[in-house]
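**Q** The lines below spell out each chain.
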Amino acid sequence: MLLRFFLMGLDRKAGIVLTILAILAVAVPVMTLWVPADSPFHLSVFTVSLLGKYLCFALLALALDLVWGYCGILSLGHAAFFAIGGYAMGMYLMRQIGPRGVYGNPVLPDFMVFLNWKELPWYWWGFDQFWFAAVMVLVVPGALAFAFGWFAFRSRVTGVYLSIITQALTFALLLAFFRNDMGFGGNNGLTDFKDILGYDIQADTTRVALFVATVAALALSYMIASGVIASKLGKVLVALRDAESRVRFMGYDTESYKLFAWTLSACMAGVAGALYVPQVGIINPSEFAPASSIEAVIWVAVGGRGTLAGAILGAVLVNMGKSYFTGALPELWLFALGGLFVAVTLFLPKGLLGLGAQLKAKLPGRKASPLSNAQPADQKGA
Amino acid sequence: MRRALRWLMAVCVVVATSTAAYAADLRPLVQALGSGGYSGTEKALAQLSEAGDPAAVPVIEALQAGDLYVRKSDGTVVVARKSGDAFTLTDPLTRAALGDAPAAAVEKIRINNSLRRAISASLGALTLMSPDAGVRRSAADAVFKSRDASALETLSAAIAKEQDKGVRAAMEQARAAILLTGEAASKMTDADIQAATDTLTARGDRDALVLLNMVAGSGASDVTKKLAAAAVSTLEQKLAFWAALQNLWYGLSLGSVLLLAAIGLAVTFGVMGVINMAHGEMVMIGAYTTFLVQEFFRAHAPGLFDLSILVALPAAFLVSGGVGIIIERSVIRWLYGRPLETLLATWGLSLALQQAVRSIFGPTNREVGAPSWMSGAFELGGLTITYGRLWIVIFAFAVFAALLVALKRTWFGLSIRAVTQNRPMANAMGIRTARVDALTFGLGSGIAGLAGVALSQIDNVSPNLGQGYILDSFMVVVFGGVGNLWGTLVGALTLGSMNKFLEPYAGAVLGKILVLIFIILFIQRRPRGLFALKGRAVEA
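Which chain is which? The protein sequence lines are V and A, in order.
Heads up: the first sequence begins at 1 in my numbering, then just goes up one per residue.
Heads up: the second sequence begins at 1 in my numbering, then just goes up one per residue.
No wet-lab data here; the hints were simulated from the structure.
Treat the numbers as computed from the prediction; the structure is a model and nothing was measured.
Do not take every clue at face value.
Said to hold, decoys possible - Covered, in the sense of this in silico footprint (three residues per stretch, anywhere, with C-beta under 8 Å from a C-beta of chain V), are these stretches of chain A: (1) 322 to 336; (2) 339 to 346; (3) 349 to 355; (4) 471 to 479; (5) 512 to 519.
Just so you know, even glycine gets a beta-carbon here, dropped at the ideal spot from N, CA and C.
Next comes chain A alone, as it looks inside the complex:
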């Protein structure tokens, strides 16, 4: 859609600059469009496109849109647009206003399907000569799709003149498509056919594959068929390679989402041994904090909206972390050493938090916008990568690295590890274990809040947001091995890619079921996860 729009705009610019010079030569041809019925229009159209003048483009477009009429009084071809009961008339070439006319005074130039095809082909051919590279390129693509043999000559002329490498490649592909599918194929030498199939293979997308498959299965000569078949297999391999890469990327993307959701749990569950079923709600609170921050920006500083996410990150960390500390101080600290009771109590908290958010913000989804630097996509070879996903992958790894550094290199991390490994001894060494407990739980919850900021970009911000992730997060932590951050990383990426690689074969739901069954069986083989802690700590 966007491409079409840009193309149209470019065409208009081109037309505006060159209208005056050519208007005179085209006039009789435009006039001819209005006489002789379908066949007369088609003949005039062919002559118009042979003239190779871009000034004809708006006329043909008007014809395509059904806006081209004949004024009955003098037989002039005009562009007419309905305004109220009457039509506003303009000159098709100069765009000069010609006044209004009642509906009865004009007659529409009708088009049929064969004309429609001819119209799009001639539009393609005409724009091949445009001074704008973007227009030429889309014109080449249009010809590639229509494979209209009448464009061949224009195309060859355009290729000879073309300076831009990318556009020339597109034009050559279009020519190859016409050559291989049209009647010309039978007269071509083997080398030419070879060159044409090579050009198409180089294009390397699904359109090229469809085309080559068609050639391989058509009534073309044996040589053509053989070459096309060879090209098809090369191309299929290439596409399969890119599809695998795309899957890998999707897997990485899903894996990093899982990592984000699970990494806070790796702290509360993995390091502290607290089963926090309200973890998902911490994620949800993070997402709602993002929503509130964005609302603030929308109301007070719409110009700085792109920065709202950057403000939401610390805000979500603090809010979720604060809620986490309150939960730890009020409920969880009474339940240390009783993991299953903790599970039930935090489940209860998660229900209450969900209902609280539902009561405050309503049960419907809340709109969280994406900053401009997170929207859009770019192509990398055969891959399409959206910026949003890319940032989430980067963010997930950044959070992981930051957490790792915090646990391994800071005094706070040292205290956490000391309290986890030997609580009485840490206490004896002067570490305030109660405070470390609260802060650790706050850290885990805060990271969940960060995950909420990221997930608000790709998921619906609703009171149920967290529930969708809680089970997955537990699976990741348990699969990776409790008490091991690297295990969480490997677990998240493995489960993410497994899910995405199964999806094309089994479908999304069955793929997920298979992953769950895999985890259940895997836990049987390694009851303590992928990277199990060894030694006495295990039994404690």
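Extracted from the complex, chain V is given alone in its bound form:
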């Protein structure tokens, strides 16, 4: 049953994606750990962590594509779920520091000692266990998304309004996590991690293992997402993206369908955040910034909305561009990113993956004037 579910989503595109991911999962460890350092095929650990970071963003983009591309919910607050997943993992990593902190307190993280707290707040209980943290990485973003979506979809908040209140959500969380008395390290966030599952977090092998775990999570999420989309459920999602009222009038309980996809997507984003934190070594409230959520949307748009593979491609390409620009031409990065936003929405409505189809469609003749074309079929979700 479960196998059938996964196999259902496997078309040629999925085959390519999974093959690439499998090659990465094998080649990167080999090139890092066993190829000698002077060989041109050697990968530095820094590069591995960078790639791992890109793939975490790719997972976030995948989660976003699931809701934006297939249910027409443009979330401008998905980074909030990402960051919450990251904080859950960060809390586990903080507890692992134990007495090695600056103040040497075996239970309390440094910032709590600094704030003169006497005991661990209740919401930190259990985070010394990896399994608990791992469950929370899924449960907390999922529960938040469920509650938020339950209210929003039931009241039929759609389109722009939904986008704006997701912004409000992530902004409210940003402000909340900045507060010192929230107990999440305030402005500085959680950092200075020592080890994960007993292994030194700085060690080469740990970093490679984290990378492989990220690849695995991405592959699994991709299979789940494409499985969902290929299923009957996925057909309903696409239908309600294109004409929600019509689907509702046909007797479908559209809210539940949306809620399912929304919650699943938030859980994926949480996992992405949880894998992101040990690889970059810090989590702080700036991850909640409204701008980072909007940036994630552009990854999906660049790659191609509603293609899943495109989200992964877009996230990796845009972030590689960001790494290059912020290093080489920091002044120009925002121009490039801004220009990308404009160019993609104007000239690449279907993203890079849709480029071929777009060119083919254009060949017979030019489009009519933009205004007469301004009401596409999926206007509600567009």
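Given chain V, work out where chain A should sit, using these hints.
**A** Using the frame of chain V, we list chain A on its own:
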């Protein structure tokens, strides 16, 4: 600080006019300051203040500042100020120069804490008799604060002589403070105590409350305590009332800032349905235009600086409006009917505009000055209102009214409404819809530019200025109801006051979080905002 300075200046003027006449009588007393150690100085000081002569004020001030010395050669008390290695000596009363002296030739008259108290009390008492009403008033305030019983007699004498109503009230308050807290309280009749507490209640500020609370909790007689407690509760109510009014004013002030920021968005988003994430940058451009206009005035016509804001207003409107029209013609017109794509494209534009401004003007804050008619404050009952804020409130409402008139009463407004409500029909009736689109977007952006002029007065003019307002503006428009200007007005004022009323209880950050949560929940109840459009237009 300013008050202290004015007070000092007034004292100097007074002193200069009266020095000669009294100098002779005061001389022995001044001389006595320099002998007998602390107790000798204190005794002489008491006699000086009993003499009630304002001419003694500079002497006592010199003593307070540690500038009063004794010349060792003849024991004369002098004012000495260090210049280089030596001291420049002057006569404390006549201010006549007495030449220089090496440091070893003079000895400082030292003061201790009890002397310091005595000094400020006698300064207070002495200046109560000053011919200048301002000086008398600050002297009364000083006595009110020090509550020095030795000033009581001078105070009573001063009250009897006082003509100015305001100053007499201040003096009576000071006397009431002394009476209630000093030993005299036990000998007072109930009526006197009543009168004293009433006087303090009438003063009606926090100082009076602190004082009355102290009396209510002190070892005074039961009657005094009871009366003081009653006065405390009256006063607390009064203060709470003014605090609520002050909050209301802050709320109105914040609300009008939100209104200014959101009102342009109400046009682009509310009327046209374009999600303009670059709206904040239009505000920022307006603020930078103000900066440039001010720079121009500073360089070429510093005398007319007060008018720079008035020039900046149309300039900012035109610059921001022009940028808006360029954006509409180049990007947004291809995206009508695709609101979420518009959102992304304008977000991209906002990033590029921010970076452009950062590259041109640098990442740091730019200094935008306030014209003189916008600085300062005035008191209204228990309220302190700054002129800057007052002008912004007035300006916000003026812009709102002007926009309302423009949309409802002009041909241009009619075209805008026609195009919004039924584009093909408007087109068929001969309205050039493309041009109306561009001008509407320009209007919304221009209003954002106007907001930028106002915000440059209260916020940092930096490339990030707009980002701080964009989310708030969207909240206001969505909360008020898209497509409804009145909704924007009500939304801005509601959110503004809510924020300010929550702040004292929850703190600024938590208050803001609560407001955001409120908006999220509110949208669930009314997905189309406070004043929702009804009918078919909603689904279009």
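**Q** Please go over all the hints and tell whether each is borne out by the structure.
**A** Structure-based check of each hint:
1. 322 to 336: holds (count 5)
2. 339 to 346: Our answer is that it holds, as 7 residues pass the Cβ test (under 8 Å) against chain V, meeting three.
3. 349 to 355: holds (count 7)
4. 471 to 479: holds (count 4)
5. 512 to 519: Result for this restraint: holds, n = 5.
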